Structure formats: C-alpha cells, structure tokens
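Peer 1: Residue numbers (my numbering), protein chains in the order written: chain L, 46 to 527; chain H, 1227 to 1721; chain A, 453 to 960.
Don't read these hints as lab results, they were simulated from the structure.
Given the structure is predicted, the values throughout are model-derived calculations rather than measurements.
We put the beta carbon where it would ideally sit given N, CA and C, even for glycine.
Hints should not be assumed to be uniformly reliable.
[To be verified] Some but not every residue of chain H turned toward chain L, in silico, with C-beta under 7 Å:
#, residue
1, Leu1254
2, Leu1617
3, Ile1645
4, Val1670
5, Leu1704
6, Gly1707
7, Ile1710
[Claimed, not checked] Listed next, the stretches of chain H that the computed footprint assigns to chain L, with coverage defined by at least 3 CB atoms under 8 Å from CB atoms of chain L:
#, segment
8, 1624 to 1637
9, 1655 to 1662
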Amino acid sequence: MILLLPILLPVIGGCFVFRQKNEQARDRLVLWLVGLTAALTALVCLLPVRTLQLTTIQGTMHLALANDGLARFFMVLFTGIWAPVSVFSLPYIRHAGREGQFLGFYTMTLGVLMGLCMAKNFVTLYMFFEMMTLLTLPLVLHNGTSAARRAGFRYLGYSVFGAGMALAGFFFLSYYLTTPDFCPGGALDLPRAALHRPLLIFVWFLMTVGFGAKAGMMPMQAWLPAAHPVAPAPASAVLSGVVTKGGVLAIIRVTYYTFSPAYLAGSWAQSALLALALCTVFTGSMLALREKQLKKRLAYSTVSQISYVLLGLLLLSPDGVGAALLQAVFHAVAKDTLFLAAGAIIMSTNFARVDQLRGIGKRMPVTMACFTAASLSLIGIPPMSGFVSKWYLASAALEGAPPWAGPAAVSVLIVSALLTAAYLLPVAAEGFFPGAGFIAERREVGRRMTVPMAVFSAAALVLGLFPGPLLRWTAELAARLF
Amino acid sequence: MHQYLSLPILFPVVMGLGLLVVRPARKLARSRYVMVSVVLTSLFALLGIQMAYRYGGDALVCVLVRFSASFSISLRIDGPSMVYGALAAVLWPVVTVYSLEYMEHEGHEDRFFGFWLISFGVVLGIAFAEDFLSLYFFYELLTLSTLPLVMHSMDEKARYAGRKYVLYSLSGAAFAFIGIVFLLNFGTTLDFTYGGVLDPARIAGNETTLLWVFVCAFFGFGVKAAVFPFHGWLPDASVAPTPVSALLHAAAVVKAGAFAVIRLIYYGFGPDFLRGTFAQTIVMAAAAVTIVYGSARALRTPHLKRRLAFSTVSNLSYILFALTLMSPAGLTGALTHMVYHAVIKITLFCCAGSIIVGSGREYVYELEGLGQRMPAVFGCFTVSALALIGLPPLGGFAGKWMIASAAVESLNPLAYAGIGALILSTLLTTLYLMTIVVRAWFPVGELDTAALARLRDPGPRMTVPLAALTVLGTALALASGPLIRFLWAVAHGSL
Amino acid sequence: MRPLWENLPFLSIFLAITAGILCAVLRSGKAAWRLTMLTTAVNTLLSAVLLGCLWPAGLSFVYTMGRFAAPYGNAIKAGPLQALLSAVFCAVLALALEGGKRDLFHDVSPARQPLYFTMVNMTAASLLALTYTNDVFTGYVFIEISTISACALVMARDTGPNLIATIRYLFMSLLGSGLFLLGLTLLNGVTGYLLMPSLAEAVAALAASGQYRLPLTAAVGLMIAGLGIKSAMFPFHLWLPAAHGGATTASSAILSGLVLKGYIVLLIVLMVRVFTLPLLEEMGVTNVLLIFGLLGMVAGSVSAIREHHIKRMLACSSVAQIGYIFMGLGLGLGFGTAAGLTASCFHILVHACCKPLLFCCAGRLSAVSGHHRSLRNLRGSAYRDAVAGVGFTVGALSMIGIPLFGGFVSKLYFASASLSSDKTAVVLLTIALSTVLNALYYVPAVLAIWEQPDEELRLHIQETADPAALAFDRSFTVSALILTAGVFVLGILYHPILNVINSGVSLL
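Using the sequences and the accompanying hints, generate a full structural model.
Peer 2: Have a look at this one:
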C-alpha cells in the first residue's frame, strides 16, 4: 500500500493545485506536496522490497508496483531533481502566467514518474510512460503560442509512436517470457528464445529505438529541439533532466530486466544501436555548436549527452551500466543547472540568443557562476562530476565488446567533449569578460531562483570530489544484472 | 417458456409501431412510454441471456416464423449472442435517456422514437438469431428500420446520406446472400455451429469456389462493418442526429456487421477451413488497410462527427482483423475490442453531440478553449479519448493487447504487418483525438471571450448519461480480468 | 364417364369468351364492369376447385375437344400447375381491374368502355387457353387473340404518344406471332402433327434418328424467338416501357403482370412437353435463354434507373423480372432436377402479384398528386394515401428481395437452382448485381413517396388536385390490401405453393 503513496499524493494533490487561487497558498501547497513526496520516497527506499498488485488486465498480466533497486535509484534521482526545480519554478512561472495550470501538471508528473520507477512489469511501465507523456504535454504547451502547440504535437507524436513501437515489440516478446514481470538479469524463456533469436533481436532493436525516442536518440530525437525552446525554463529543465531519463529507465528495464545482456551481446542490433548512439553524441554536439538560441543549444546538448548514457547501457557490461547510471545522475544535475540559468537569464533580461549574452556575467554573477560550473561538469573537466562519469564510460567502452566500439567510443567522446567546450565555454567567457567599455548593472534574480541553481552546482562539485558512495551504489545495481 | 425469446424482439417492435401509429400529443407521455419500453426490453433480453447462461442455449430456442421443414426464422442464445445482446441491452437505455433530451432540439420525436424502438428489437433479433436465414432477415430489416433514423432531418445532406446508406447496405447483403446460399448447399445445416457447418464430403473439389464465395460474403457483411473500400456510407451517415450516430453507427449497426462476420467465419465456414488460404490473406489485408486508412482520414477531417465516424471505420477493422486471424484467440480479441469500443465510441459521440447542441460548433478548429466552459463534457471526452488511444488500464488497451497477442500467436507474417498497422493507428488516433483535447483545454490565439462566456455544460439529462457511460467504460476496463475470462470461454465455444 | 371437374378448364375459357361477347353488346361501362368481375371471380373459383381436385391426388388429365381422336383435333391438358396458374391469373386480373378502377373510368371514354371490357375478357380467355392448351395451333390462335386484345388494352387511353406506343407494340407482337407461326409450320412440316403429345413423340424420334436436324432446330428457334419477342425477352424488350408505361393503370397491371406470363407459360409447356429439356440442352437453346435472361436482368434495371416517370420505371423493371424467369428456364435440367423451372414458375406467381400491386399503387399515388407521374412530383404522396404508400413499399421490397417478401423466396430458389448447374458463379453474381440495381431505383422511389414534401409543393398539389381524385378509393384499397397480403403469403407460406409447383412441373 505504501508504494502507492508517492504516486497518489502528488497526483491527487496536483488536482488541488489547479483549483487553488491564492498564490501564496498554492506555492505552499506545491512545496509541501513535493516535499512530502520526497519524504515518502525516502521511506519507500528504506523499506525492504515489496510488491503491490493494482489490477489485472487479463490472465497473468497485472498492473503492479515494486520498489526494487533500480526503482529506488531513479526515485531518489527524480525527487532530488524535482524539489529544487520546484522552488525555482514558483517565481518563474509567476512571471510567465497561468501558474495554476503549470504547477498542477508539474506536481502530477512527479507522481507519475514515481510510478514509472516502481513499475514491476512492462504494461505498468508502458502505462506510466504514456501518462508521463500526457502530463508533460501541457508543460510544453504552456506558453499558448502556435509554435508551442506544434512543438507539443511533435512531442506527443514521437513519444507515442516510440512507445507504440516498444509495445509492438512487447507483443512479440511476451510470448517468450517466463514471467511478465521484470527480473534482474532477464526473464527470457531461454530454450524457446534461443530458437527465435533473429526475431527477438529485432524486437529488442525496435523496443530500444522506440523508448529511445523519449531519450532523444536518433532517429527519433527531433521533438527535443522543438519542445525545449517553447517550454518554460523549469519545464525544459525537467524534460531534459528527468523525462528523458524516463526513457533511459525504460531501456534499462527492457534490456536488463526482460532480455538478458548475455542473450543480446554480440548481436547486430547491439552494434547498430551503439552506432546510433555514437552518431547521436556527435551530431547533437555539432548541432548545438551551430545553434544560436540558448535553450535550443542546450536541447541539442541533451540529445548528445543522453546518448552517452545509452552508449554505456548498450555495452552490455557491468561497467557500462554503472557508468551509464553515473552519467545519468551527473547529466541531470548539470543540465538542470544550465536550464535554470537560462531561465533566469530570460526572465531577467529577455535575452534568448547566445550572441546577446555579452557581459551577462556582470549582470547576474551568481547565475553565471552556476552556469560555468555546470558547463565544466558537462564537458568533463575534473574535479566536476562529469569527469567521473565520462572516465568510467570510456574505460567501460574500451574493455567491452564489440571490439570496434572501444576506440570509436573514446574518439567520439573526446570530440564531443571538445565540441561541448566549444558551445558552452564561450558563453561563460563572454559573459564574464565582455571586453572593455561594457557597463552593466547588477540584476540578479531572487534567492528562490539562485539557491536551487547553487544547490545543483554544489552537487555537481561534491559528487565529483566524493563519488565513492554513488560509485558503490551503481556498481552494486549493475552487478545484480549479470 | 419456449416462446420467451420472441418477447425481447417483438415487444419493442410492437411498441415502436404503436408509437408511429398513435402519436401522443404530450411530450411527457411519449418520453415515459419510450423509456419504459426500452428498459423493459433490456430487462427481457438480459433475463433471457441469464437464463441461457444458467441452463444452456437450447432451453430457450424459439421459432418466430416457420416457412418449411428446413427454413424458419428462429432464435437461440449462444456465446456471441450473449455478448452482443448484452452490449445492446445495456447501452440502449443509457443512450435513450440522452436522446430524449437531445431530440428536443431536433423535433419529429414520434417518428424518431418509433423507429428507435423497432431498431432495438431488430438488433436483438440479429444477436439472438439461430441460423443464417434468420440473421439475414434481421440484417436486412435493420437497414430498413434505421434508414428513417439516418434521414431524420430530411434535408438534402440527410437524404443523400440515407440513400447512400441503404444502397451500400442492401448491396452488401445481396453479396452476402451468395455466401448463405452456398452454405445452404454445402453445409450440413444453416444453424450456427461452433467450428463451422461445412460438410467435408460435399465440399471436396470445390474449395476454391467456396473460398471466393467466402471473400464475397465477407465483403458483403463487411459493408455494414465499414471495411475499405465499402466504408463510404459511414462518414456521410454522421449527419444523422447524434444518438443515431452514437448508438447505431458506433455500436449497434456497425457491430452487427462485425457480428455477422463472426457468424460467417466461426459459425459458418469454420476457421479451420479458412486458415492459411488465400481468402484469409485477402480479408486480413483488407482489414489491415482499413485500420490505417480510417485513422489517416480521421486525422485529415476537420468535422468533429465525421472524424469520429472515420475513427469507427478504423476501430471496426481492429475487430475484423482479429477475426481474420481465424483462431479462438482472435475471436477473443475481437469480442474484447467490440465491447470496449462500443462503450467508448458511444461516449465520444454523445460528447460530440453535446458540444454541437451546446455551442453550435461542429468543426475541430472551432473548439478552442471550450474545455473551460464545458468541463463535464470535455472531461468525459478526454477520458474516453485516452481509453480509445489505449492507455492502460482503460478499455482500448485490453482490446489491442488481446488482438495483438492473437496475431503473434498466429505465426502469420501478414498478421505481424497487422500489428504494425495497429501501432500506426494508435499514433494516428492519439493525434486526431488529442488535437481536440488540447485545443479545448489549452487554447491558442485570440479567443472570442464574449461568445465563450455564453457557453455552458448542457443540462443533467445529457451530462448524467455521459458521466454514466464514462464510468461504465472505466469500470468495465478495471474489470477486464473477469470479462476477458468470460469472452475466452465464449470464443472457445464452451457457451 | 369423366368426372365433372374435368370440364372446368373448358368451362372457364368458354365463360370468358361469352362474357367478352356479351360485354360488347352492353350499353353501360358499369354493367360491363360488373359482368367482367363476376366472370373473373367465377373463373378463379373454378380454377381453385380444379386445383383442389388435382393437387391432393397428383393428377393431370387430357380433355379432348369434340370427338376427334388423337393425333388430330384439339385438346386441353390440365395439371396442378396449370390450375394454380389459372387461379392466380384470374384472381390477379380481378384485383388489377379493381385496383385501377377509378383511373379506368377516368381514362377510357364511356362509349368505349364496354369494348374495353370485351378485350379484358378476351385477354382472360387467351390466358387461360395458353395455360391449358395441349396443341400448338390452338396456342397460336389464342396468341393472336391475345395480341389484339392486349393492343386494345394499351390503346384504351387515347393519347398521341400512347398511339405510337401501341403501333410499335402491335408491330413487334405481330412479328413475334409471325415467327411463331413460321416455326409452327416448319414443325408441322417435319412431324406432321399439331397435338402436343404426338408432336413430342415425333420430335423425339427425329432427334434420335438425326433426320431433319436443321428444320427442327430452326423450328425451335423460331418458336422460341417468337414467344420471346412477345414476352419482352432481351433483346426484344424495347417496346415494353412505352406500351406499359403509357396505358391506364389497370391495363399496365394486366399487361405486365399477366399477359406476358401467358406467353411464357406456353413457352414452358412447349419446352417441357414437346421438345423436352434434354433435347433443348443439347441444342444449346437453354444456354441462349440463360444468357438472354441474365442480360435482361441487368439491362432492364439499368434502363429503369434512368427513368423518372414512375410507370415507365415499373415497366422497365418488368423486363428485368422477366429476365429472372428466362434465367430460370435457361438453367434447364441441371443435374436431374428441374429446379430452375420450379423457381421460374414461382417467380411468375410472385411477379404476377407484385407488379399489378406496384402499378395500382403508382396509379393511386399519381392520382392523389394531381396526376403527375414523375417521381419529383410524387414526393410525399404516401402521406395522402397510406395504403398506396405501404403497398408500393411492400412491392418494391419484394422486387429487391428482402426476406419475408415473395421476391426473396424466388431469389433463394433461383440461387439454389444455379448451384446444381455448372453456371453457378455467373448466375449468382448476376443475381447479386441485379439486387443492387433494383435497389438503385426502387429505393429512391420509395424514399421519394415517403418524403415530407416542402410547403409549396404541398400547397400546389392541394390546389390543383381534383377532390374527386383525392377522396378515399375503396376499390383500390381493397385490391391493394389483398395483393399485399398475397405478397406476404408468397413470402412466408410459400412452402405448400412450391410443393404444388413441383408436382405440377413433373406432371406437365
């Protein structure tokens, strides 16, 4: 029963947020809901593993929840991101308008994400996945412009089609499973599955590409660069930082908890997907470099960075998984900082393009400091956390199969790092060192917006300096899957 | 007791004729008359189904008209009869409440409700028919009794739609008739028998002819089930008053077509005879094409009711596709989707009707911002749209799941392509339904606030049935476990 | 000593002729009407009695006229089928007259009315004779009588276009009779007989020996062509729409429903008794009949679709229905059963009931719409006379082939008959196509008459219509109700009727 609480509380509470007219009361309600959810999450994580069956769809197919290891990891990550961004979003959205609608859906999305983490089988995962798409759609549509609507429909279309592809794959897959539930290390009925390996490998390919749409992997990444610029900054933050990780979670569940890595290793699909991931890493960074709009640049950056995570996952080795999980955490933290900073800049100065940001560091020093810290993490410069994850990714790639992946991955990672530097550092540089004759007044945003950014930047630094506990946690999770 | 089954069929027909002949002057009298007739008929039907479930179908065999030793119009309740009959019996009263309110805006209620009642009886006749001749009889009668309902408003578009409807339907039935004649001559009996009635001794050497005849009959009955390329009547028929579109063209009439195909495949020619033949390939391909075609057209149609009509075209072919898998699993999938789609589509159409009546707006692009003003209607619409898209645990998902599982089990490559069609259709469904939802709740651009301010949810006599239907759909979806178990038993012939 | 009832066929024919002669000398049309109705009613009764005597025992008898022994002289052969057909024909004749009574007295000038009834009686007599005859020459004589009386029936309504139609009809009819006479002569030439049983023997002998093959075939061809022209078989049907469409209601009903059938019955009798079906199949005649039947089914309906004038539409529809009958004949023997033949006979009955019903109702509907005839002007007419509307709907549904109506049973039996032949596919597909085509013109007609007319049309009709025409027409209502009941009987209680036809066909 208690597993339901982190889901129901934000969802039902979110409904009340819509209705609340009083601004202060609403803000308090949101913070309380998010906070309580975080507390419940912590409670759920401390409890032993238990299952909750919700309802039966047919026969052996039920909707069920379980708080296993992976669920706990992602629940902590998601709530950890959600709480500070909530604080940031309260003043931001007051500036943007229609707060009730935004905050309501924002809160409800958290509940659905908790459900996504705790999903015990594919159908439950699919249900929460679709719900997540539907509940984040209003966040994309928020600005109420036709560009927002177009972007929203593109988001909807890609997500639903991707989920549909995954569902189609699952129709075939379910025939070859011993149990419909997720099991660490896979649930395949190996004797039967061995007979139909080509079909099942293709199914895995389909499902990964399908869920990969949400994670911004090529070829279905086009929604990301469209959706991020039109959405309000907190929405972009959670889309990039959290929702894409939902896609990653789904891929992990499919690859490691339904299929088994041993079964998939060495197949053409693995090579193809690795190639796709590497392609995305490179292309994302290239496109980010050429993009002048700040938020769109960050969106392309997300496309690229998430594929680091997928790269790690697709190596099908314990090190790879561990590195991928690390990258997931660190990217979330860093990217959210960047987006929040971008939001702060837009709110304060209305500048959206990078060429308008000369001297922004003088105007908003705290914001830009956080921006710089996050950029360094994203590029992968020690002692920031981004370095840790990229290091482990590179080493996992070098020792993983297929053999061509190692050198290819490392080179792409290096090139991408350079490109990332190229598209992030100049912003910071020009911001702080605009050149002579630049006079600007300090117009920093309020504390409620700078504190979350600072928290994230601090986290990026601290996790980079003391990665130990996190490394142990991810290694433990990864080991269980093999 | 033997003649009991004639009651749920003859009673509404007689009451309907009565209403046509004696036109009551007072509206209240008529409303009460109609409501009581409909509820009583439903009760009779459900009671009959219950008795058949308890004591077996043979206890209630009833002959309405006997032509000769071998030909008669007779009734018997078996598994599929229970499903289709119960569907009609449960949904008819709910939509009647809605339509009593709705038709006040349209007028000529005497004629409308007279034929409404008659159609109810005829639909039950189709459900309870014991053999192909009886089915054919009620099938033709259904076309005739629903024609005045389609043409109700008697303006140019309605007359055109009515003409098209009756021409398509009668032509389809004429070709299906060929199938029945062949079954008569190559089968042991015309009575519905699970597994088929073909006599192996007699058909030897004539298999190819029989398969072509089957294809002919499939498309013949498929006209009513709006299979491509004979679907053209359905979108035009959406000019009918909304209760007609909702109940008849989303649930009763089109499902009659699907029901006839069930009888044709599983109780007539027999799935074992048809599986693996070119005939199966042809009909499966047609169904798969219709699935995608219907959804694609729906996306491009701006008129709300026409969009829902194309959606029906597509969803019916989900059912037909499942049937063409020629297996009990396929039949289970078809029955599951039949049940859920009926409830969901009725709800969607009733919402559309409420929107049209409440605001006068018929086109999707006119619906900007209506969500705030008509929250009850659009709330039900959103829930039903999500159900149709296939969000678990709502109804549409269970249907799609069962159909896809059956397709996978069939090991037929064309069936795999059909799964692809299903997924593509899901995407298109999401797009064409969510457009409406998004426009209503998240408007863009300049809104005519003055005009919007005048709009409100329609009265309780329309919103309560809407809510009831939505709740029913959701409850059925949550109870999908036991329901699918029951349908499984039906599909395996144990009822 | 022969039983009394064996005299009945001759008596009926004699009564009809006498009544015709008497009508000629009567002064008033009403009196002639009454006499005709009485005679027809009596004939119906007599035929029914005959049926009652023949059917239970499964008998048929030959009745020689005068003392001339076979193979010379004149004879009548009656079996259950003939009795049934006569009974129905007479009943329908009476009902057709009853149904079109008002139009009749309106269209035909009073001076000519007695003569009209003479012609009606002559038509009745020739119908009965063609049904009962056992020799070909008598057949020819009554064919000619029928031609002339039918022409008179058409011409009774004195209008310009009608006159032209009549002349065309006369021309075609005489052509048909001429061909029949030629064939008859040829047949007599090679066999030497005129009496059917003797002819049958002779033909069988000739067929077996292979002598005179060409003249025999020519004779068959000519006789069938002649009868085909007269019964509007495709491609000789072009005279029908104008002739039947322009005549007064009762005449159209009688012509379409009955007169055509007389020739077909004679054709059936010739096919079965004289030439025998196996021989005809060997000659390929049945295939020709089948093809023409199928083409007629389609061509008739296609031309009906293009008609806006309701009576012409019904006349074109008759061509299609006659096509069904010829198709049934063309299915021939088919693996040992004469199923096609039975189905054709049943359809003769169905059409004989339906077409007069349709014509009478159409007549009544136009009468209440100011005597307009086009469908556009008939809109809403069903509300002015509900019985006519319902009757028209019932007739239309029967023609399309909806179960519970007679037309469906015919369709079912035609389809079953085709299954035991090797032409199944084409026949079934044509039946289905024909159903579609029938629906294409009957449905709009039915929809039109039940459509609520717009205000101005209604007012226009109310002003221009003759109040006498609008008033309740009792004779029509009675006739329409009985014919409607007949259609339902043929649709529901068809089984005993089919049994009679079956045994009748075997006793032909």
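Peer 1: State for each hint whether it applies.
Peer 2: How the hints compare with the structure:
A least Cβ separation of about 39 Å between Leu1254(H) and chain L goes past the 7 Å threshold, and the interface hint is therefore violated. The interface hint given for Leu1617(H) is met, as the beta carbon of that residue sits about 5 Å from the closest beta carbon of chain L, less than 7 Å. Because the closest C-beta pair between Ile1645(H) and chain L is about 5 Å apart, less than 7 Å, the hint holds. Hint status for Val1670(H) relative to chain L: holds, with the closest Cβ pair at about 5 Å, below 7 Å.
A distance limit of 7 Å between C-beta atoms decides the matter here; for Leu1704(H) the minimum to chain L is near 6 Å, and the interface restraint holds. Hint on Gly1707(H) holds. Least Cβ distance to chain L is approximately 4 Å, under the 7 Å limit. Annotation: Ile1710(H) was flagged as interfacial toward chain L, and the flag holds, the nearest CB pair being 4 Å apart, inside 7 Å. With 8 residues having a Cβ less than 8 Å from any Cβ of chain L, the segment 1624 to 1637 of chain H passes the three-residue criterion, so the hint holds.
Here's how the segment 1655 to 1662 of chain H fares: 4 of its residues keep a CB closer than 8 Å to some CB of chain L, so the rule of at least three is met and the hint holds.
Consistency note: the structure conflicts with earlier hint 1 alone.
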